[in-house]
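Q: Below, each chain spelled out in residue letters.
Number of protein chains: 2
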Amino acid sequence: MTRTRLTLYDTTLRDGQQTQGVQFSTPEKHQIAAMLDQLGIDYIEGGWPGANPTDSEFFAAKPQTKATLTAFGMTKRAGRSAENDDVLAAVLNADTQAVCLVGKAHDFHVTTALGISLAENLENIGASIAHCVARGREAHFDAEHFFDGYKANPDYALQALHAAHDAGARWIVLCDTNGGTLPSEIRAITESVIKSGIPGDHLGIHCHDDTGQAVACSLAAVEAGARQIQGTLNGLGERCGNASLTTLIPTLLLKPAYAERFEIGVTPEALTQLLRISRKLDDILNRVPLRTLPFVGASAFAHKAGLHASAILKDPTTYEHIDPATVGNARVVPMSNQAGQSNLRMRLADMGVAVARDDPRLGAILEDVKAREDQGYAYDSAQASFELLARRALGQVPDYFEVKRYRVTVERRKNKYNEMITLSEAVVVVKIGDEKKLSVSESLDAEGHDRGPVNALAKALAKDLGPYQDAIDDMKLVDFKVRITQGGTEAVTRVIIDSEDGQGRRWSTVGVSPNIVDASFEALLDAVTWKFLRDGVEPCRT
Amino acid sequence: MTRTRLTLYDTTLRDGQQTQGVQFSTPEKHQIAAMLDQLGIDYIEGGWPGANPTDSEFFAAKPQTKATLTAFGMTKRAGRSAENDDVLAAVLNADTQAVCLVGKAHDFHVTTALGISLAENLENIGASIAHCVARGREAHFDAEHFFDGYKANPDYALQALHAAHDAGARWIVLCDTNGGTLPSEIRAITESVIKSGIPGDHLGIHCHDDTGQAVACSLAAVEAGARQIQGTLNGLGERCGNASLTTLIPTLLLKPAYAERFEIGVTPEALTQLLRISRKLDDILNRVPLRTLPFVGASAFAHKAGLHASAILKDPTTYEHIDPATVGNARVVPMSNQAGQSNLRMRLADMGVAVARDDPRLGAILEDVKAREDQGYAYDSAQASFELLARRALGQVPDYFEVKRYRVTVERRKNKYNEMITLSEAVVVVKIGDEKKLSVSESLDAEGHDRGPVNALAKALAKDLGPYQDAIDDMKLVDFKVRITQGGTEAVTRVIIDSEDGQGRRWSTVGVSPNIVDASFEALLDAVTWKFLRDGVEPCRT
Numbered sequence: 001m002t003r004t005r006l007t008l009y010d011t012t013l014r015d016g017q018q019t020q021g022v023q024f025s026t027p028e029k030h031q032i033a034a035m036l037d038q039l040g041i042d043y044i045e046g047g048w049p050g051a052n053p054t055d056s057e058f059f060a061a062k063p064q065t066k067a068t069l070t071a072f073g074m075t076k077r078a079g080r081s082a083e084n085d086d087v088l089a090a091v092l093n094a095d096t097q098a099v100c101l102v103g104k105a106h107d108f109h110v111t112t113a114l115g116i117s118l119a120e121n122l123e124n125i126g127a128s129i130a131h132c133v134a135r136g137r138e139a140h141f142d143a144e145h146f147f148d149g150y151k152a153n154p155d156y157a158l159q160a161l162h163a164a165h166d167a168g169a170r171w172i173v174l175c176d177t178n179g180g181t182l183p184s185e186i187r188a189i190t191e192s193v194i195k196s197g198i199p200g201d202h203l204g205i206h207c208h209d210d211t212g213q214a215v216a217c218s219l220a221a222v223e224a225g226a227r228q229i230q231g232t233l234n235g236l237g238e239r240c241g242n243a244s245l246t247t248l249i250p251t252l253l254l255k256p257a258y259a260e261r262f263e264i265g266v267t268p269e270a271l272t273q274l275l276r277i278s279r280k281l282d283d284i285l286n287r288v289p290l291r292t293l294p295f296v297g298a299s300a301f302a303h304k305a306g307l308h309a310s311a312i313l314k315d316p317t318t319y320e321h322i323d324p325a326t327v328g329n330a331r332v333v334p335m336s337n338q339a340g341q342s343n344l345r346m347r348l349a350d351m352g353v354a355v356a357r358d359d360p361r362l363g364a365i366l367e368d369v370k371a372r373e374d375q376g377y378a379y380d381s382a383q384a385s386f387e388l389l390a391r392r393a394l395g396q397v398p399d400y401f402e403v404k405r406y407r408v409t410v411e412r413r414k415n416k417y418n419e420m421i422t423l424s425e426a427v428v429v430v431k432i433g434d435e436k437k438l439s440v441s442e443s444l445d446a447e448g449h450d451r452g453p454v455n456a457l458a459k460a461l462a463k464d465l466g467p468y469q470d471a472i473d474d475m476k477l478v479d480f481k482v483r484i485t486q487g488g489t490e491a492v493t494r495v496i497i498d499s500e501d502g503q504g505r506r507w508s509t510v511g512v513s514p515n516i517v518d519a520s521f522e523a524l525l526d527a528v529t530w531k532f533l534r535d536g537v538e539p540c541r542t
Numbered sequence: 001m002t003r004t005r006l007t008l009y010d011t012t013l014r015d016g017q018q019t020q021g022v023q024f025s026t027p028e029k030h031q032i033a034a035m036l037d038q039l040g041i042d043y044i045e046g047g048w049p050g051a052n053p054t055d056s057e058f059f060a061a062k063p064q065t066k067a068t069l070t071a072f073g074m075t076k077r078a079g080r081s082a083e084n085d086d087v088l089a090a091v092l093n094a095d096t097q098a099v100c101l102v103g104k105a106h107d108f109h110v111t112t113a114l115g116i117s118l119a120e121n122l123e124n125i126g127a128s129i130a131h132c133v134a135r136g137r138e139a140h141f142d143a144e145h146f147f148d149g150y151k152a153n154p155d156y157a158l159q160a161l162h163a164a165h166d167a168g169a170r171w172i173v174l175c176d177t178n179g180g181t182l183p184s185e186i187r188a189i190t191e192s193v194i195k196s197g198i199p200g201d202h203l204g205i206h207c208h209d210d211t212g213q214a215v216a217c218s219l220a221a222v223e224a225g226a227r228q229i230q231g232t233l234n235g236l237g238e239r240c241g242n243a244s245l246t247t248l249i250p251t252l253l254l255k256p257a258y259a260e261r262f263e264i265g266v267t268p269e270a271l272t273q274l275l276r277i278s279r280k281l282d283d284i285l286n287r288v289p290l291r292t293l294p295f296v297g298a299s300a301f302a303h304k305a306g307l308h309a310s311a312i313l314k315d316p317t318t319y320e321h322i323d324p325a326t327v328g329n330a331r332v333v334p335m336s337n338q339a340g341q342s343n344l345r346m347r348l349a350d351m352g353v354a355v356a357r358d359d360p361r362l363g364a365i366l367e368d369v370k371a372r373e374d375q376g377y378a379y380d381s382a383q384a385s386f387e388l389l390a391r392r393a394l395g396q397v398p399d400y401f402e403v404k405r406y407r408v409t410v411e412r413r414k415n416k417y418n419e420m421i422t423l424s425e426a427v428v429v430v431k432i433g434d435e436k437k438l439s440v441s442e443s444l445d446a447e448g449h450d451r452g453p454v455n456a457l458a459k460a461l462a463k464d465l466g467p468y469q470d471a472i473d474d475m476k477l478v479d480f481k482v483r484i485t486q487g488g489t490e491a492v493t494r495v496i497i498d499s500e501d502g503q504g505r506r507w508s509t510v511g512v513s514p515n516i517v518d519a520s521f522e523a524l525l526d527a528v529t530w531k532f533l534r535d536g537v538e539p540c541r542t
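These protein sequences, in sequence, are chains A and B.
Per UniProt numbering, the first sequence starts with residue 1, numbered consecutively.
Per UniProt numbering, the second sequence starts with residue 1, numbered consecutively.
The hints are simulated quantities; they were obtained by calculation from the structure and are not laboratory data.
Heads up, some of the hints might be wrong.
Since copy identity is lost for identical chains, a pair holds within one copy or between any two.
Derived lysine-lysine pairs resembling PhoX-like cross-links, with alpha carbons at most 25 Å apart [what the hints assert, rightly or not]:
{"#": "1", "residue 1": "Lys404", "residue 2": "Lys436"}
{"#": "2", "residue 1": "Lys414", "residue 2": "Lys404"}
{"#": "3", "residue 1": "Lys62", "residue 2": "Lys195"}
{"#": "4", "residue 1": "Lys431", "residue 2": "Lys476"}
{"#": "5", "residue 1": "Lys66", "residue 2": "Lys280"}
{"#": "6", "residue 1": "Lys476", "residue 2": "Lys459"}
Build the full structure now, drawing on both the sequences and the hints.
A: As structure tokens, this is what we get:
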């Protein structure tokens, strides 16, 4: 049976940026576009050129993607020609293969929000699409408020679509802009659109999650005949978010009802990277990944109920709707059982640590990991700290040095020019063998700017480690992430530090404490210890 | 037109407790049951009496509810009579009006997980239900794995249902235990069940969110004829969670497609308490409320796009699928790079500041917001800091006091018991009118634990603000979020602080600096200043 090709259109970089608190930088946009391209998305909507500097810079850098890069904009305004509309010109100047123009399909919006006549609006749509097509672009029409518009005035809503279609639009995207339309309504209205003469392979669907049904609404449109699905990674987007491609992609690939009828550009190999891509986006946003996310959430294959866990041991299909490995996820079962221990042995083997199958220390390490993760540690993001935890339990980490004490001071006051300045200073006292070493550093960078207390502490620690100095000299702190893992005044701070050395190695360590300075210091100490261990540094004996 | 009554069945206290990291105490269970009762839920499933002490204690206290309290358990085991099954006896001993017994409807589970014959399983179901009915209880049969079972062996799956129905079960609940069934499959299979002779007003639906479609699946079953919906508050539950009643209830009440056909026990008045109930549950669980939750999320009615904001100003229905007040929520028009002048004027109007459309200060404020957002400020998450920025530009913020200097010390060292401890201390010097005030605080909480440098600084600042002390005494820091907005050593720290006062007001402020202590102090100062402004505190004159 030949399967029908569905087209995936990602709008993480445009509609996803409408999420409260989300503002991508240009390099972050490039990073996300590269991930989407790797995944096998057909269209990547990069933003609205001309609307803000970040979006303009993104396109100006001419990102190279297998996917069709698409610039978003709006149809020309009334009272001027498409040629003389500066907003439309900025979109075309981004020089992308495809452009997507939003226009009104709801009569109420035309008269209330735009304040123009219904005929003028149709003229704006047709002339704008025709202008893009004449410039050699693949044109998409984003029919804003289409479903609400259809319910209010079906004839006019369809006229708006046909104005774009007749002008040569490759895709007409049916948008449920306010997110309140139900799957059954989406299905029936999409069928009417096809009946009106626009073929399904020219129709896209764009849904929001305001009734928690964005995925179901998108699939209802596909069942009715639409062949392009718009969505975002992790369901990012305005208000409750857009339809999540992170949920739709595995559903389309793994559920027989869809997999037997349709194909998409995402391969099974690319699908195994889905969890990694989802987490990477959260990393960029510095968000705590949502545990309950379908397919890729940390809890998506966690079996807590006792009855479930014991059945899972007999046969995983008893309580799993798909194999977690297909999306790069893993089953989570109570730590103490055999499956947990064999996972641990595999992870240790990856680090070059061989442990026998029946070694009782395996159970102890698992207990320790679980207890520390309850306190806020995150060993998935801090592999070097995990390696140290395991090696400590196995007696493989020497005592290189002991920190006797430290003190950090942050002071804000006026300088001699009567300007307010902030200065941080750190003192670290370590004992190496029999020798005690005091080091002090301040936090000013080369330009004389304060870089904060953790910077001062890192510099003081690295300043004089005596016989170990050679091993530490090529080491630098390259990233620093802070997360509050509990709300309220009882908040605990988790710090993850990424370090790099002259050999190009990069490793991550974690520290947790109610005190951010203390959490940072713990992560710094792990970073230094891991480096010594990997370099085979000989510990000083007393 | 007469509307059909739908029955709501809540399982927050049983399936909701299967969420990773969730374990309710008995008083918390009572608190949640009271909230559900207030909301107008028909059945409250309290737990599994006999399975754990918390659930047994919950029922032993005989909670009084308008809703029908239901005890959960399982059908009797093979090889013994219903009368002699101790697990079943414990469920009946809870002495509730209704009991819900789970049993297998999937042949594979009967043979693989239970290891009994298909006939024995049918006998267990029938005898257990009949036993409960004979004891005067309203019996529900929870048909585990029903949909997967129906796909594998429709005859046997139906036989399991009919065994319960024939034995007198009031409700037969169709469970999609593994959460992988699609809405179209749920609809078709539910129709087949009704065709087999079990009337829809005896059928319930129990869905999970493993493909992000639990709400849509539940509604598909209702459209097919099922009349009881099971779910949980905030969609709590095993793996990705159960169908969310918090989403289903407003959908059923506010969407004409359902409201015109069906009625439920939740009144419009009770619906206005939905947001409060949702947040209260997060409070009990000590979780940060999910901003993107449909209807009740903090972002559910947040309008970030400039185009949307200008239309909302003309008519809120342009970009809102329901009136946020119906569920106790409110519109949010956050500030961001994409905000236009109309967005800004609307925000100012909400704060009670009328500015003329052509006031040149509007442009200046927007420029300032943009410049600061480039530095790392985030005004859509920190509305109080935004208000201060705007009011300062309009000359509406008095100089309440001046911070002359501060100093914070974090020290880690051994105490007199030779244990490593961390201690933070802060000194703040402010000038109020002509008077200079020095305050010092340390960071220890009531249990003697260090809460870090920002805590010490907040306490020192609040310790003595002379004539302003009354205004600050009922204020507390309730949340603290840190984000590094650029990678590498040039990282800038953004701190967002949420504060609350005795009048229940909650507001967010932001600070940005390479130095985390400095960023926190800036946010603290804004928090205090906003409070003074809102309370109409009179500034001291020199």
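Q: Now look at each hint and say whether the structure bears it out.
A: Now for the hints, and whether the structure bears them out:
1. Taking CA atoms no more than 25 Å apart as the test, lysine 404 paired with lysine 436 passes inside one copy only; the shortest distance there is 9 Å, against 38 Å between copies.
2. For a Cα distance limit of 25 Å, the shortest separation of lysine 414 from lysine 404 across copies, 8 Å, qualifies, whereas the shortest one inside one copy, 33 Å, does not.
3. In this assembly of identical chains, lysine 62 and lysine 195 lie within 25 Å of each other by CA distance neither inside one copy nor across copies; the values are 40 Å within and 59 Å between.
4. In the homo-oligomer, the alpha carbons of lysine 431 and lysine 476 lie at most 25 Å apart inside one protomer (22 Å), although the nearest pairing across protomers, at 41 Å, exceeds that limit.
5. When the C-alpha separation of lysine 66 and lysine 280 is checked against a cutoff of 25 Å, the pair qualifies only within one copy, where the shortest distance is 21 Å, while the shortest distance between copies is 48 Å.
6. For the homomeric pair lysine 476 and lysine 459, the shortest alpha-carbon distance inside one copy (10 Å) is at most 25 Å, but the shortest distance between copies (35 Å) is not.
Going down the numbered hints, you'll see the structure goes against just number 3.
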